[in-house]
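J.: For reference, the chains in residue letters:
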Amino acid sequence: MAEQQNLEARTEQQAPPPPGTRQDQADPAPPPHRSRRRFLTYLLAAPTLAVAAGLGPEGAAPAAAAGADGVVPTLPGPADLLDLGDVLILAGAPTAHLLVLTVGEDGTVTFRLPREEVGQGLTTAVAMLVAEELDVPLARVRVQLDDARPELLFNQFTASSNSIRSLYDPVRHTAAAARARLVAAAADRWGLKPGKLTTRDGAVVAPDGRTAPYGTLTAAAASRHLVTLTARPKPESAHTLVGTPTPRVDARAMVTGRQSYTLDLDVPGAKPCMVRRPPTVYGTVRAVNNEAAVRAMPGVLATVVIPTGVAVVAETFGQALDAKNALDVTWGPGTIDGYSDDGIRARLRSAVSFPPLPPPLTRHLDAEFDFAPVSHAPLETNAAVADVRADRATVWSGLKAPIVAQQTIAKELGLPVGKVTVHVVQAGGSFGRRLFFDAALEAAQVSKGCGRPVRLMWSRVDDMRHGRMRPATHHKIRVSYASGRVVALDHRVAAVETDVRHGLGEILTATGTKLPGGLGNAAFAQGLFHLTVKSPYHFGVTGQHLTEVPLRMPTASWRSVYSANTRGAEEMLIDELAARMGKDPVEFRRDFLKNSGQRAVLDKVAGEGAWGRPMPAGHAQGIGFHEEYKSRTACLVEIDATDPRHPRVTKAVIAADVGRAVNPRGLEAQLLGGLTDAISTTLTAGLHIDKGLPLEGSYSQFHYARQKDTPPDVRIFVMPATGEPGGAGELGVPAAVGAVGNAYARATGTRPRRFPVNFDVDFTPFPR
Amino acid sequence: MPSHSFTVNGRPVTVDAPDDLPLLWALRDLLGIRGPKYGCGIDVCKACTSHLDGEAVRPCVVPVAAAAGREVTTIEGLADGDRLHPVQEAWLEQDVAQCGYCQPGQIMAAVALLKRTRNPTDAELDAIANVCRCGTYFRIREAIRSAAEKMG
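Quick note, the sequences are listed as chains A and B, same order. Number 659 in our numbering belongs to position 659 of the first sequence; there are no gaps in the numbering. Number 44 in our numbering belongs to position 44 of the second sequence; there are no gaps in the numbering.
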């Protein structure tokens with residue numbers, strides 16, 4: 001059997017190994033420079049080789065609260081001590097052994113990645129880690145998105161900029177274990193000691209020059225009688241690929257049109273399907289008044305009422321769209337029918353108040369900020385393919401939390417979880433959107449209802465109006481200062497509830513978020529807020545608080561979640577505070593940042609971006625800083641706001657220290673994306689809510705930046721590696737929000753408080 | 001059902017479809033050509049950008065009947081076998097794509113622009129209105145400039 005000829009390695013958390021397995025090798029002592037996690041490797045099963053590496057968290061060491069001269073130190077906040085990424089790493093650790101790497105007889109190395117690729121470059125970075133550790137050419141490594149595997153529990157959840165943080169060690173240990181087995185197999189074959197052998201270019205090499213390609217060794221390497229040397233990942237100083245700018249592994253497929261997204265898959269018999277949705281969010285279907293007439297339209301195959309609307313199945317999407325538009329439906333009310341922007345803003349503004357008294361003998365600066373809701377608007381709209389049969393179901397979709405999708409769909413269909421296969425498909429963007437599985441659930445409902453496989457697609461209008469959004473927020477911030485020091489920062493955030501009912505990606509925590517008296521969405525959201533939001537400055541007594549207003553809207557975490565607005569607003573207020581205290585914005589940040597690593601990033605952009613250079617009237621520079629996910633970044637932009645209604649960011653200089661960039665080219669891409677997000681949401685992109693529905697229905701109305709709105713000059717600097725990889729996918733947004741807002745304020749001599757700053761309803765909305 | 005004959009990427013095809021069926025769905029649903037992507041259906045996002053007789057068009061708003069007797073080129077037809085078009089090569093050099101969904105349209109728009117001029121101005125580059133939600137615009141710009149240089 002082919003399976004038996006493959007070398008398969010796994011990482012393992014549990015120690016000691018399960019009964020009946022042979023402890024092949026043990027390495028309980030932590031490597032000297034890596035105290036946080038320990039690894040054991042051992043053989044799990046034969047004849048397919050499964051090498052396991054155990055992962056023992058020993059607790060995150062809190063950063064010391066070091067006071068600096070001239071500042072009032074801020075004690076570490078929750079996110080300084082243990083952030084969301086740490087929690088997710090701990091939650092995922094017990095199942096790290098289920099990561100599977102296979103070496104085939106053709107020498108191809110396959111790693112099944114229990115995460116989603118949405119453009120963030122994860123498959124490339126993981127392929128690089130595997131190639132590095134195994135000494136195989138990158139082109140010989142395949143990273144496949146794994147199907148939903150409920151046994152992975154919390155370890156199949158793509159969120160919180162945490163994939164590289166959580167996978168960096170387990171992936172390298174898995175690959176190192178495989179490499180040790182291949183070396184041992186070659187040593188057996190040649191009668192040499194494994195320590196004499198090296199690996200290069202996908203082969204084991206003997207001192208006399210003989211080589212054994214991995215593909216010829218996989219069967220022997222899978223033998224349980226093999227004795228191997230301790231498998232430890234390479235020291236990072238020996239990395240030749242990791243840390244080197246590397247193009248995406250899927251770039252060629254993307255530029256030739258061969259990259260397959262959900263609706264590009266050929267699933268036999270699966271017919272196009274679209275859903276007519278209610279005129280207000282979360283409205284319900286009361287009656288379909290012309291079902292027979294619509295079913296008689298050209299190409300229409302079926303109509304199915306589902307909880308979220310009325311589905312039409314047709315021969316082409318063009319016909320499905322025509323039929324969907326022709327449906328006459330009587331709708332029940334939605335969840336926010338009485339609400340428009342003003343009402344929502346009033347709820348938010350009244351939900352939080354400034355603290356009653358500033359600290360004694362201090363001056364203070366109060367500011368209020370408002371941010372509009374923002375659509376995730378990935379270019380690939382919500383989409384799924386489903387084939388539901390009487391006794392089983394198969395679903396394909398872009399899913400960041402596939403386990404909870406599988407469990408929920410199984411429950412909906414009345415099938416055991418094991419009878420529902422959920423394939424994770426690479427997606428056309430997410431930005432948080434694909435934490436939810438709305439399309440997958442609908443496709444399953446429709447397929448069951450009409451008894452045939454369907455390819456379900458949301459229209460753009462629906463995706464923007466009923467798809468999810470970052471909720472509106474309101475901010476009341478007070479900074480108190482005295483004698484050249486900031487003595488307190490009090491930031492109260494009011495936000496429309498962010499839906500986090502995906503939990504940590506599986507059904508238990510997802511259910512927990514739904515319990516009214518239990519954990520609940522609000523409590524879960526509080527946890528997320530405090531595990532992510534923190535201030536990088538010594539601002540004395542620092543408090544950041546979230547109050548959620550429980551308006552039921554289709555929301556979801558949006559890239560950088562609470563930090564984009566919370567930290568973005570703080571970065572803008574800091575410029576005002578600096579002016580009050582008679583300091584330059586860069587100098588001020590330098591003085592109050594907590595450590596030299598942060599200052600190095602700030603200094604980099606100030607230097608490379610020629611901070612303070614003279615600018616013509618109507619032009620200005622702006623700066624912002626952010627630290628999160630064990631990473632830090634600074635952004636300097638230049639803006640041309642000679643026409644304040646049509647400002648353009650003309651240049652951006654960004655520096656980031658993420659501890660260790662696996663792929664600096666990919667990191668730069670993420671920072672570029674964060675910059676574009678910040679330009680968009682700060683200047684032009686938002687949703688207007690009108691009587692229970694967003695008005696915006698396409699990119700002609702939701703003004704996400706285009707080429708003409710973005711800088712023709714962008715310079716990005718990745719700081720040298722200093723430690724373990726931090727998170728990077730969301731990092732770029734808050735600093736750039738601050739930089740763009742500050743540049744606009746300086747260029748126009750205004751103090752913008754509502755974002756986006758140019759936000760007229762400059763279009764005729766589509767019919768409801 | 002009316003029948004429409006045209007060529008796609010050099011291959012003659014015939015589809016039976018209503019005259020007003022958007023070409024995008026004729027390509028994707030009837031012919032299985034999935035490079036052009038749906039993003040809006042109203043010529044706003046331009047993700048489906050392809051060429052009709054060498055001119056950039058958005059198949060989401062071109063009725064299939066309008067393609068009759070003409071030559072459609074999608075992203076799949078841009079390369080010459082394994083030899084990529086210089087714009088595709090430039091896209092690889094700059095590692096432009098992130099999620100990749102808009103990139104077939106971006107590339108087809110860039111190719112059409114470079115057909116008109118080998119020395120595009122900033123204003124001409126700014127006029128490319130294709131949406132990239134991942135925000136890769138700067139790399140797109142660099143890639144077009146680099147391709148323009150190589151194409152001389």
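Treat the hints as calculated values from the structure; they're not laboratory data. Glycine residues also receive a C-beta, built at the ideal position from the N, C-alpha and C atoms. Among the hints, erroneous ones may be present.
Straight line, CA to CA, 20 Å or less: simulated SDA-like cross-link-like pairs of lysine to any residue [said to hold, decoys possible]:
id, chain 1, residue 1, chain 2, residue 2
1, A, Lys708, B, Thr117
2, A, Lys708, B, Leu125
3, A, Lys651, B, Leu125
4, A, Lys651, B, Thr117
5, A, Lys708, B, Asp80
6, A, Lys708, B, Glu124
One side of the interface only, derived from the structure: several residues of chain B facing chain A at Cβ under 8 Å [stated by the list, open to error]:
id, residue
7, Trp25
8, Leu31
9, Gly39
10, Gly54
11, Gly135
12, Ser146
13, Ala148
J.: Compare the structure with each hint and give your call.
T.: These are the hints, each one checked on the structure:
1. Lys708/A to Thr117/B: holds (19 Å)
2. Lys708/A to Leu125/B: Holds - the C-alpha atoms of leucine 125/B and lysine 708/A are around 8 Å apart, at most 20 Å.
3. Lys651/A to Leu125/B: With Cα atoms ~16 Å apart, lysine 651/A and leucine 125/B stay inside 20 Å; holds.
4. Lys651/A to Thr117/B: The hint is violated at about 26 Å.
5. Lys708/A to Asp80/B: violated (31 Å)
6. Lys708/A to Glu124/B: Satisfied, since the Cα-Cα distance of roughly 10 Å is no more than 20 Å.
7. Trp25: holds (4 Å)
8. Leu31: The hint is violated - leucine 31/B has no Cβ within 8 Å of chain A, the shortest such distance being about 11 Å.
9. Gly39: holds (5 Å)
10. Gly54: Violated - the Cβ of glycine 54/B stays beyond 8 Å from chain A, reaching only about 18 Å at its closest.
11. Gly135: Since the shortest Cβ distance to chain A is 2 Å, the answer is holds.
12. Ser146: violated (14 Å)
13. Ala148: violated (14 Å)
Against the hints set out earlier in the document, violations occur for numbers 4, 5, 8, 10, 12, 13.
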